[in-house]
Amino acid sequence: MLDLTYEAPKPKVISGAKEDWELVIGLEVHAQVASNAKLFSGASTTFGAEPNSNVAFVDAAMPGMLPVINEYCVAQAVKTGLGLKAGINLRSAFDRKNYFYPDLPQGYQISQLYHPIVGEGEVIVDMGPGIARRVRIERIHIEQDAGKSIHDLDPTMSFVDLNRTGVALMEIVSRPDIRGPEEAAAYVGKLRQIMRYLGTCDGNMQNGNLRADVNVSICRPGDYEKYQATGDFGHLGTRCEIKNMNSMRFIQQAIEYEARRQIAIVEDGGKVVQETRLYDPDKGETRSMRSKEEAHDYRYFPCPDLLPLEIEQAWVDDIAASMPELPDAKKARFVGDYGMTEYDANVLTAEVENAAFFEEVAKGRDGKQAANWVINELFGRLNKEGLTVETTPVSAAQLGGMLDLIAKGDISGKMAKDLFELLWTTEKGGDPAEVAAKHGMKQVTDTGAIEAAVDEVIAANPAQVEKAKANPKLAGWFVGQVLKATGGKANPAAVNELVAKKLGL
Amino acid sequence: MTKLNELTIAAARDMLRKGEVTSAELTEACLSAIDGAGALNAFVHKTPEIARDRAAAADQRIKAGEAPAMCGIPVGIKDLFCTRGVPSQAASNILKGFKPEYESTVSQQLVDAGAVMLGKLNMDEFAMGSSNETSCYGNAVNPWRRGNDDAALTPGGSSGGSASAVAADLCLGATGTDTGGSIRQPAAFTGITGIKPTYGRCSRWGIVAFASSLDQAGPMTKDVRDAAIMLGAMCGHDPKDSTSADLPVPDFEAALTGDIRGKKIGIPREYRMDGMPDEIEKLWADGTAMLKDAGAEIVDISLPHTKYALPAYYVVAPAEASSNLARYDGVRYGHRAKLGQGDGITEMYEKTRAEGFGHEVQRRVMIGTYVLSAGFYDAYYNRARKVRALIKRDFETVFADGIDAILTPATPSAAFGLGEMAEADPIAMYLNDVFTVTVNLAGLPGVAVPTGLDRQGLPLGLQLIGRPWEEGALLNHAYVLERAAGFVARPAKWW
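Residue numbers (UniProt numbering), protein chains in the order written: chain U, 1 to 505; chain F, 1 to 495.
Bear in mind the hints are in silico, worked out from the structure with no lab data behind them. Here the structure is a predicted model, which means the values were calculated and not measured.
Restricting the straight-line Cα-Cα distance to at most 25 Å, the calculated cross-link-like pairs of lysine to any residue (SDA-like) are: (1) U:K97 with U:Y298; (2) F:K240 with U:A75; (3) F:K392 with F:G402; (4) U:K330 with U:G203; (5) U:K148 with F:I345; (6) F:K392 with U:E310; (7) F:K96 with U:V160; (8) F:K338 with U:I150; (9) F:K240 with U:G42; (10) U:K97 with F:M348; (11) U:K97 with U:N246; (12) F:K338 with U:D154; (13) U:K97 with F:R383; (14) U:K12 with U:T230; (15) U:K97 with F:R385; (16) F:K240 with F:P250; (17) F:K386 with U:R91; (18) F:K96 with U:M157; (19) U:K292 with F:A374; (20) F:K351 with U:D103; (21) U:K148 with F:M348; (22) U:K414 with U:G448; (23) U:K97 with F:S213; (24) U:K148 with U:P281; (25) F:K99 with U:A56; (26) U:K271 with U:E19; (27) U:K292 with F:E350; (28) U:K271 with U:R239; (29) U:K148 with F:L339; (30) U:K226 with U:V266; (31) U:K428 with U:N376; (32) U:K148 with F:T346; (33) F:K240 with U:A37.
Please work from the sequences and hints to get the whole structure.
Now the structure itself:
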């Protein structure tokens, strides 16, 4: 794999009333494991099912029911860990996190506090061509999701839907390496992209399948570097945790608001209180959910219903061997193999399906040109019409066929655009060569014919010829005239060449 | 002639196979004995219809010549086991009216073997207690009495209903569960045999959890052979319980050779407690002599961490219980308190659990919550875990030194009077478990066998502790002890 080299982005600086401040951010991302069955039961994980229809006895915590680990979910977590270049712990264990809530039927969540399945890893968060933040991953553990409490269906009663109860989550914990709201959103975006490549989480934030808790603190410029040098958190400010955000936009807004709130407190001579906060997107502000004193005592202890989870290196190796190419590697390869810009490579690798589409178009063709067409014409049009590469009217094969016509000089770029339009609309599914022929799209490459046209234009415009000889830039006028005279079918490159020659430029 | 309900499982099995008796007849004999034994309060839910249906089915199977050992044998099931469509309340008000839609693995295996369920048996609430007095149904009563004294005695706990029912011949055998001695102590108090198998031998699936790392099901029977037969039907690997061992189930009955020549029996010096009654001392010495006479070698051994077992147990068990019982919150099933104006979810939890749980359960939930709390976790729970590991190592060491089984008293006393401990410190009640909890902490098999009577005519039992997964060998030692002791006393019927 070809590694691209990056420079770290500048940390975001917020000017307070008195001085400048930097941000220090760490995230806990909860990603729903893509799996048909729950972490400890065979119940379905289908979204949007009838309330309380995807509930096994163990999910409802019926007396005497016991959890049994779903091996597929473990494999998915391992795959995710490998995708984040993390160490896999061959021995991990489950703990119970105890608290009371109606959507938590057992009265505890089975999680992994003491011995997570995945250890330290890292994520390269792209912040623009040549710029990226390296965010260290502290750990990933697997745990059960809770159900859903519904308080707005009845004035006096609350309702509980246990469909989500027991669904497998991966909690991905970062180090406090993120230095601004945009980086935080980009970090979540990168995790999402990697997991979608891996097929370990669908990344659907709207359905709550990807949520983030964000830890935010502020510090004076220079303090973060002291923390980095010593590992001493004392150099950083007191952090607040903003819980459960499921939109990139809200994550950025919440961090921005929270940082300014903390700056105002500190500049006023106050102290930031460590607490858990919630972001209210309607008001655009965070508010206190519970203070450190009110924090739950979760009484973690090893879950006695489950033996320690032991996996074998060979099993991990099999998973590693089945890993797809990941975004960073693909991007580097696109830049290297196709000679495209990092920017274009970023666009093309954003979604694995897009990258695959591009590669089908580019196979055996000019990669740069393929990239231009895919990004500018195809993606532009798809975006405009709310379509995706899965629903595109013009297939990769058709687009490739079109590029072949251009490469052979059969059609001009201008014709290709018209041809693309036809394939998109009235000639759906048609063979590009046949459609071009049918609509008389044929570029004139016969130099004899072009020469005659050039001669004709030169002969008819002696005054212009004199001017062009004095100022060669005016040759373009002749080219335009020739193209016009040939109905746009003359190969522009050939016309250029002949005009220059005939005018003696 | 022995009445049908007084038969052992082995005798009944043989008669069933020979066609000398039908399961229907055995079942009717037991049902009528149960109806006449209301004073024992052993059965808390009778299931005569299920019993008669299963007996008829068993008779068909026997006729067809396809009869596993337990086929047609009437048994009682401890209320801790979930039984489909039948109240399963763990003797707690918080599970009032709860009828599961599933059958515990152990009781299902008994059903599959053709056993006939007569009903559900009394117990301490959530299996927390040593006297059956914490049951929401009121205590079961020991069929034994002291001499001519009419005072009602405890059958022990928590499997007190099972012990009372087997000792009083209301059924041929019963299921029990044992977290700290809940099979062995009541067995000893009622003159029957009870074995707690190795942790992981029986599936815990469908058994209401008390302390998951300690709970094990086991049979309570009239003799050792019956224990071997019934255990064989109850145990085996269950993929639904992650802690269930994937090991083959040997023929435990076949292990009862009566030959223990050359076996090494360990006598742990730390089990000689201060103030141990002479009668218990003598019982233990007699048992030791019996095994020696049978050709075993008696070895003085040390299990140095024994004295820490009880405190460690009373940290680990309540800690797990506090978490296991969190699900009884009034939200989905069982009891829910009536709420007042303005009451919210917190009040619902508090009132429901205050009303639904008895005092002992509340005490243990509070102890467990405390020992797991931030700041106390290391001092209590973690330390108890370390002690547990040391206790386990004590046993591993003596077994590695060639000890085949360990002989100890089963209980520090004979059955005590109901209500006698009402004013006592709860710790005094917890001392009942002093000889039994080590076995649970170490996950080992342990069996209680009656070997004598105290001077008031109450049964006393000895405990044998075996190597992990060697229940067959353990039961063989118990079988030798049983034959040598020749324990034949029966409680005089007063109920």
